[in-house]
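Q: The residues making up each chain are set out below.
2 protein chains.
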Amino acid sequence: METVIIKGNIISAPEFGKLEITENGYLIAEDGKIKGTYQKLPQEYENAFIEDYGDALVMQSFSDMHLHAPQYPMLGIGMDRPLLEWLNTYTFPTEARFADKDFARTTYHRLAGELAAKGTTRVCMFSSIHREATLILMEELENAGITGYVGKVNMDRNGGENYLETTEESISETVRWLEECHFEHIKPMITPRFTPSCSKELMQELGKIAKEKNLPIQSHLSENTSELDLVKSLHPDCTQYWESYQKYGLWNDKTLMAHCVWSDETERKAIKEAGVWAVHCAASNENLVSGYAPVRVMMNEGLNVVLGSDIAGGDHLSMFKNITAAIRASKARRIMDDRKTEFLSVIEAFYLGTSAAAPFFGEKPGFAPGNALHAIVVEDRTLPVVRPLSIRERLERCIYRREHGCVLAVFSEGKKIYKK
Amino acid sequence: METVIIKGNIISAPEFGKLEITENGYLIAEDGKIKGTYQKLPQEYENAFIEDYGDALVMQSFSDMHLHAPQYPMLGIGMDRPLLEWLNTYTFPTEARFADKDFARTTYHRLAGELAAKGTTRVCMFSSIHREATLILMEELENAGITGYVGKVNMDRNGGENYLETTEESISETVRWLEECHFEHIKPMITPRFTPSCSKELMQELGKIAKEKNLPIQSHLSENTSELDLVKSLHPDCTQYWESYQKYGLWNDKTLMAHCVWSDETERKAIKEAGVWAVHCAASNENLVSGYAPVRVMMNEGLNVVLGSDIAGGDHLSMFKNITAAIRASKARRIMDDRKTEFLSVIEAFYLGTSAAAPFFGEKPGFAPGNALHAIVVEDRTLPVVRPLSIRERLERCIYRREHGCVLAVFSEGKKIYKK
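Protein sequences, first through last, are from chains F and H. Take the position in the first sequence, starting the count at 1, then add 1; the result is the number in our numbering. Take the position in the second sequence, starting the count at 1, then add 1; the result is the number in our numbering.
Quick caveat, the hints were computed from the structure, so don't treat them as lab data. A few of these clues could be false.
Since the list can't tell identical chains apart, any single copy or any two copies may satisfy a pair.
[As the list claims (entries may be wrong)] Derived DSS-like pairs (lysine-lysine); straight-line CA-CA distance at most 30 angstroms: (1) 322 with 421; (2) 420 with 322; (3) 365 with 322; (4) 36 with 270; (5) 270 with 201; (6) 19 with 417; (7) 41 with 248; (8) 8 with 201; (9) 212 with 420; (10) 212 with 248; (11) 34 with 255.
Isolated chain F, as found in the complex (with noise of 0.2 angstroms):
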């Protein structure tokens, strides 16, 4: 038995708007499993080697539910461009690089590097429509340490030049890589790129291969208003966006939808009771001028929301960084909402950043037993004081404010994978 104890100011978020301090205390783990937290060492554990982090913060670490590996090159460039000039002059460009073997290895193990030196631990992430660059992807993941679920791209149509499949192609493809996909913390996910990229045929197979082999779907939803119209003359049928998911099989308790910022009463009806998952990525919904997704909203009608960076939409790949984005865009949309509704309190958005994820990977909110170890230290001393601060004030101010190298530890499924 591997026994891990972590000696700190243990930080998580069991509930939303809820904290669960621990000064001072130890979160042990066994074999890679939360055992517990506790203020006084166990005596089972007196003579164990303890990984002692003095006066650091000890907190759960980060899950990004969306975000685009391939667009990591162009992270901050083109901010500009409105979302289809954006997609043709730079993302399907970039995108199609990944056909490149070569250049798939070097950049995804730059991107999977600095995941885990940030403390971003689970991704449900989407690839190129590239199969080997895809496996690529995958194995520098899993090689860090990243855990979670990966999708090569399917598009057989509106795609950019040289970055396209034919219908037949891009099934082909995805069943071979299906077969190929054998990681043990990197699993495959089915990803349309959304409606307007994938035919109705290609839609129906998706559906088909998800069902049968029971995996998990991405896409997008309700982005943007041109695209909403978009989707409209595509599927006349299809009142509503999201019924072009669920015709075809992909519209369900483990489907994640990224964005969802138009989605109205009736389509958040729909998400909720099919228990489909809304990916909150506030940084590229300012920064395409998307618009501010009611979060405040989803939250109080019982919706799945979970946060996700969307690079490189989003210009950031620290969720510290994408959780202040959160609380931001939840202060704009009270702004436009003449002030009645609430924006997100620091602490909630830290909860939609790291617990509110933890039931779409099998696991419970917090650091609760039987979870995998999850976790990152934050030290905050070279901040400077004016008095001394609680947990909770130190913990609000890491997420706003950091130094260069503040990151001392991470652990992912009980494992240390990044060391200051």
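On the provided structure of chain F, position chain H as indicated by the hints.
A: Just chain H now, with coordinates in the frame of chain F:
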């Protein structure tokens, strides 16, 4: 004659929305003043020493036109609180600490160093009510090579516990402080905190001092709606907020007014006619849910608009981050305005964070000959690329995304004040 020759990719913003780029060029200054930007080294400098930064970007440094120095140690704390609670719980107790000169010395030394390292070489800054701490702040900025203005804050009503002056103290301490200012590059500025904090007698006296000594003025204007109501109740004779400054001689072309979020057409006209400077503090206005200033409309109407970090309502000192905050705020404003106003492009926002403030300091926009040399050198070669990027794209990406240690050097008033 002291000559500085900087070689690299020279980037400046000579006009709102325009960039001037000299790839592999030379930026030359003599005795601290810019002589010119050259594609080829003029013959007369053939034997001169060249600071060769290779392929790095050499761009204008930043002007932070509104920030509260004594709020520096509370950066990133209390962002969930409404303005008044935030002031009373965090801000006033923090500012009150600067009665302690040692605390002021340590904190301001660090602040000045961080400003220099982040490429902010010009500031207009609020200190606290303390004369001595204000002099310490000015000295630390001067020593760090930062230039601009600092104001001892005046407030004789509505302060916090241990944080208020009598009217007489406020005036006599201001007079004494002005006598004791003796810095070369950091000059004093008259600083009534804002109308609710200053009695009529105090405002009147400050207006007189500003006029007699020909000093610039800084304060706050129309930040949030409850503040507007409060000002109306305090000055029933004033139809609008700005009149409460105007009637005491605190409203002219050397006046900076932070925020102007709720400035309507009439107030904007008054700003324009007086030549007052509107300081846009996008991050702060988002964090405190104040609203989104109509920056695009202000620019169209020909107002002077500059940027401020407004720490610690703003959560970051870096002007790179405050430039992206201004872009985001303009995108929020576009959404709120039913897409009738354009958002700020990256290049437009870069202008606001650099050149826009030049005339306030008696200079021309861009790297104009005769301007004092204020520049930073930024390297981006460690960022991943998918294809060769243009200099403009590289600038855009640096604004959104930089790596730790990317600032290689900072020049202020012709001197190198920071080196990696």
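Q: Each of the hints needs a verdict: does it hold here or not?
A: Against the structure, the hints:
In the homo-oligomer, the alpha carbons of residue 322 and residue 421 lie at most 30 angstroms apart both inside one protomer (20 angstroms) and across protomers (25 angstroms), since each shortest distance falls under that limit. When the C-alpha separation of residue 420 and residue 322 is checked against a cutoff of 30 angstroms, the pair qualifies both within a copy, at 21 angstroms, and between copies, at 27 angstroms. In this homomeric assembly, residue 365 and residue 322 come within 30 angstroms of each other (Cα to Cα) only inside a single copy, at 24 angstroms, whereas the closest approach across copies is 36 angstroms. Taking the shortest Cα distances, residue 36 and residue 270 never come within 30 angstroms of each other, neither inside one copy (37 angstroms) nor across copies (65 angstroms).
Taking the shortest Cα distances, residue 270 and residue 201 sit within 30 angstroms of each other inside one copy (24 angstroms), while across copies they are farther apart (57 angstroms). In this homomeric assembly, residue 19 and residue 417 come within 30 angstroms of each other (Cα to Cα) only inside a single copy, at 27 angstroms, whereas the closest approach across copies is 48 angstroms. For the identical chains of this complex, residue 41 and residue 248 are neighbours neither inside a copy (54 angstroms) nor across copies (65 angstroms), given an alpha-carbon limit of 30 angstroms. Proximity of residue 8 and residue 201 under a CA criterion of 30 angstroms is satisfied in neither setting, with 54 angstroms inside one chain copy and 57 angstroms between copies.
In this assembly of identical chains, the alpha carbons of residue 212 and residue 420 never lie at most 30 angstroms apart, being 40 angstroms within a copy and 59 angstroms across copies at closest. When the C-alpha separation of residue 212 and residue 248 is checked against a cutoff of 30 angstroms, the pair qualifies only within one copy, where the shortest distance is 13 angstroms, while the shortest distance between copies is 74 angstroms. For the homomeric pair residue 34 and residue 255, the shortest alpha-carbon distance inside one copy (23 angstroms) is at most 30 angstroms, but the shortest distance between copies (63 angstroms) is not.
Hints 4, 7, 8, 9, counting from the list given before, are not met by this structure.
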